[in-house]
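S.K.: Below, each chain spelled out in residue letters.
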Amino acid sequence: MKIDLNTVKKIAHLARLEFDEEGAEKMMKDMTQILDWEEQLNEINTEGVEPLTTMSSEVNVLRADKMGEHLSHERALQNAPQKDSDYFRVPKVLE
Amino acid sequence: MEKFLSFDDIQKSLEIRETDCKAIVNYYLQNIQTKAHLNAFVEVYKESALEQAAKVDEKIASGKAGRLAGMVIGIKDVLVYKDHEFNASSKILKGFISQFTATAVQRLIDEDAIIIGRLNCDEFGMGSSNENSVHGKVLNAADESRVPGGSSGGSAVAVQANLCTVSLGTDTGGSVRQPAAFTGLVGIKPTYSRVSRWGLIAYASSFDTIGIFSRNIRDNALVMEIMAGPDNFDSTASRKPVPKYSELLHFDKRVKIAYLKETIESPALQKEIKENTLSILERLKEEGHEVEEVEFPLLKYVLPTYYILTTAEASSNLSRYDGVKYGFRSPNAHNLESMYKMTRSEGFGEEVKRRIMLGTFVLSASYYDAYFTKAQKVRRLIKEFTENLLNKYDYILLPTTPSTAFKFGEHSNDPVAMYLEDLFTVQASVSGVPALSLPNGKDQQGLPIGIQVMANSFKEAELYAFGSYLMELSNN
Chain A
1 MKIDLNTVKK IAHLARLEFD EEGAEKMMKD MTQILDWEEQ LNEINTEGVE
51 PLTTMSSEVN VLRADKMGEH LSHERALQNA PQKDSDYFRV PKVLE
Chain B
1 MEKFLSFDDI QKSLEIRETD CKAIVNYYLQ NIQTKAHLNA FVEVYKESAL
51 EQAAKVDEKI ASGKAGRLAG MVIGIKDVLV YKDHEFNASS KILKGFISQF
101 TATAVQRLID EDAIIIGRLN CDEFGMGSSN ENSVHGKVLN AADESRVPGG
151 SSGGSAVAVQ ANLCTVSLGT DTGGSVRQPA AFTGLVGIKP TYSRVSRWGL
201 IAYASSFDTI GIFSRNIRDN ALVMEIMAGP DNFDSTASRK PVPKYSELLH
251 FDKRVKIAYL KETIESPALQ KEIKENTLSI LERLKEEGHE VEEVEFPLLK
301 YVLPTYYILT TAEASSNLSR YDGVKYGFRS PNAHNLESMY KMTRSEGFGE
351 EVKRRIMLGT FVLSASYYDA YFTKAQKVRR LIKEFTENLL NKYDYILLPT
401 TPSTAFKFGE HSNDPVAMYL EDLFTVQASV SGVPALSLPN GKDQQGLPIG
451 IQVMANSFKE AELYAFGSYL MELSNN
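So the protein sequences, as listed, match chains A and B. Numbering-wise (full-length UniProt numbering), the first sequence opens with residue 1 and increments by one. Numbering-wise (full-length UniProt numbering), the second sequence opens with residue 1 and increments by one.
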């Protein structure tokens, strides 16, 4: 799969990443190389095979709906890069 | 003189009052200082370790000590420990102080283990050489110009250089077994879901496991039997009973062993590793076991399957790092969207960004079926093949790695070449089955070689017992 610069830009936006020109060129090259290598899977016939979507054999793990410990306000805000007394703070959404 | 090389040593010294936990911790602290240049430890919990040691000493004196009293453990920088910092070796988690302790770690503390510090690794567990870390690279104590393997490189070197008794790592595609092979240690990846993942920072949730590095099988088995088991905080964790692995190490039966033709004949396999693998297979035959060659035509597809699925899961798991609630936030942003983008672009390292991009791509609407669903189908084929084989044979034996420890920078410019390092370890990860890497001699340069044993899901007891036997066999 040949990845072009436009695709790199689109995917980067979806992943909330950004690259400078040099970074985008390198990403384009790396992604093309890795996807080409991953496409080997097309050599395998998987007709009629169900996709494997879970690895744990546990199903319906239930527990009583009891109140447990919870984080205090203060501890929840402890790691915030920016906060006030009650909330996490972020830059303006609209300028 | 080297001391405390096994938990057995420690327990004997404690029993005859030759030493106490404080002295043991001080011994390791001294070693950590002397070998600081190896860069295995990111942070040493000197104070809390000594405090804990004093508490355990009191418990020993009053006869109330837990089963791990005297054991000193280092934990990989992706496992959280309450009120201690951790970073997953990433700038994006700079300054993060954990609110809680990982279940696996807590269970060890509850049995009076002493946590001595956190250990360097590849960023978010992504790497095979420990070269992708905001804390810098880790040196292999067997040859300091070489990598210790990854991603749990610091955890491997910490035990290799006797900086703690055992260490915890995590293994998503080989991140415990490959560094164990590169440093001459015992390393296990348990069955998927055997150990709770609560408090393990997610990389690829359907692959991630917590594993153990040790010098011998018994220490490894003991730590595993304490960590494993159901957990209210991880609904995927298996509720199957956990046997007392450390008491089931006796092995005296004849077993059926398969080895995979494609691994032995792989052109990437280093000559000495091939020889040592064949020679142990030969020894097993001589001992009366049934040893057979089996074809595994899917081998070359295991890594591509692994990378499609793990990058997809990683792109989703790592979307939580947005600079809002914790960790690093870019100071350069002017609005919310640029805060997300700049925080993530400045906070993540190159390999992590590459995997997020690939994962986002294979999950994007137009390519989802062609890549992601396809890989999920192939995963089923690989898993079924492996399980069927393990219904017919008790164990699969294969080399842990294609080569011994390589030089720094050797694979830095070619991501696919680095991915191929995990060629032999990913089969167990894709299939969810347990695998153990054991030391199996050295190459001509004196670098450790590993041999890997796989067994069927939840057969850790059988794996440890056979591993114990195999280690005796390879030493004779």
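Please note that a few of the clues may not be correct.
Unchecked claim - Straight-line Cα separation of at most 35 angstroms, DSBU-like style, residue types lysine-lysine; simulated pairs:
#: 1; chain 1: B; residue 1: 46; chain 2: A; residue 2: 2
#: 2; chain 1: B; residue 1: 271; chain 2: A; residue 2: 29
#: 3; chain 1: A; residue 1: 9; chain 2: B; residue 2: 341
#: 4; chain 1: B; residue 1: 383; chain 2: A; residue 2: 29
#: 5; chain 1: A; residue 1: 2; chain 2: B; residue 2: 261
#: 6; chain 1: A; residue 1: 26; chain 2: B; residue 2: 46
#: 7; chain 1: B; residue 1: 240; chain 2: A; residue 2: 2
#: 8; chain 1: A; residue 1: 26; chain 2: B; residue 2: 325
#: 9; chain 1: B; residue 1: 271; chain 2: A; residue 2: 9
#: 10; chain 1: A; residue 1: 83; chain 2: B; residue 2: 261
#: 11; chain 1: A; residue 1: 29; chain 2: B; residue 2: 94
#: 12; chain 1: B; residue 1: 325; chain 2: A; residue 2: 66
#: 13; chain 1: B; residue 1: 46; chain 2: B; residue 2: 325
No lab work stands behind these hints, which were simulated from the structure alone.
S.K.: A separate judgement is required for each hint: does it hold in the structure or not?
M.R.: Hints, one by one, checked against the model:
The suggested pairing of residue 46(B) with residue 2(A) is violated, with an alpha-carbon distance near 52 angstroms, which exceeds 35 angstroms. Pair hint residue 271(B) plus residue 29(A) holds up; C-alpha atoms about 33 angstroms apart against a cutoff of 35 angstroms. Taken as a hint, the residue 9(A) and residue 341(B) pair is honoured in the structure, with Cα atoms around 12 angstroms apart against an allowance of 35 angstroms. Restraint check for residue 383(B) and residue 29(A): satisfied, since their Cα atoms lie roughly 32 angstroms apart, inside the 35 angstroms limit.
For the given pair, residue 2(A) sits about 34 angstroms from residue 261(B) by alpha-carbon distance, which is consistent with the 35 angstroms threshold. Pair hint residue 26(A) plus residue 46(B) does not hold up; C-alpha atoms about 43 angstroms apart against a cutoff of 35 angstroms. For the suggested pair residue 240(B) and residue 2(A), the alpha carbons sit about 46 angstroms apart, so the restraint of at most 35 angstroms is broken. Distance check on the hinted pair: residue 26(A) and residue 325(B) sit about 31 angstroms apart at the alpha-carbon level, within 35 angstroms; holds.
Proximity of residue 271(B) to residue 9(A) is assessed by CA-CA distance (about 44 angstroms); at most 35 angstroms being required, the pair is judged violated. For the hint pairing residue 83(A) with residue 261(B), the CA-to-CA distance comes to about 59 angstroms; that exceeds 35 angstroms, so the pair is violated. Distance hint between residue 29(A) and residue 94(B) is fulfilled; the C-alpha atoms sit about 30 angstroms from each other, no more than 35 angstroms. Between residue 325(B) and residue 66(A), the direct Cα distance comes to roughly 27 angstroms. Compliance with the 35 angstroms bound is thereby established for this hinted pair.
Taking the CA atoms of residue 46(B) and residue 325(B), the gap is near 29 angstroms; set against the 35 angstroms cutoff, the hint holds.
Consistency with the previously given hints fails for numbers 1, 6, 7, 9 and 10, ordered from lowest to highest.
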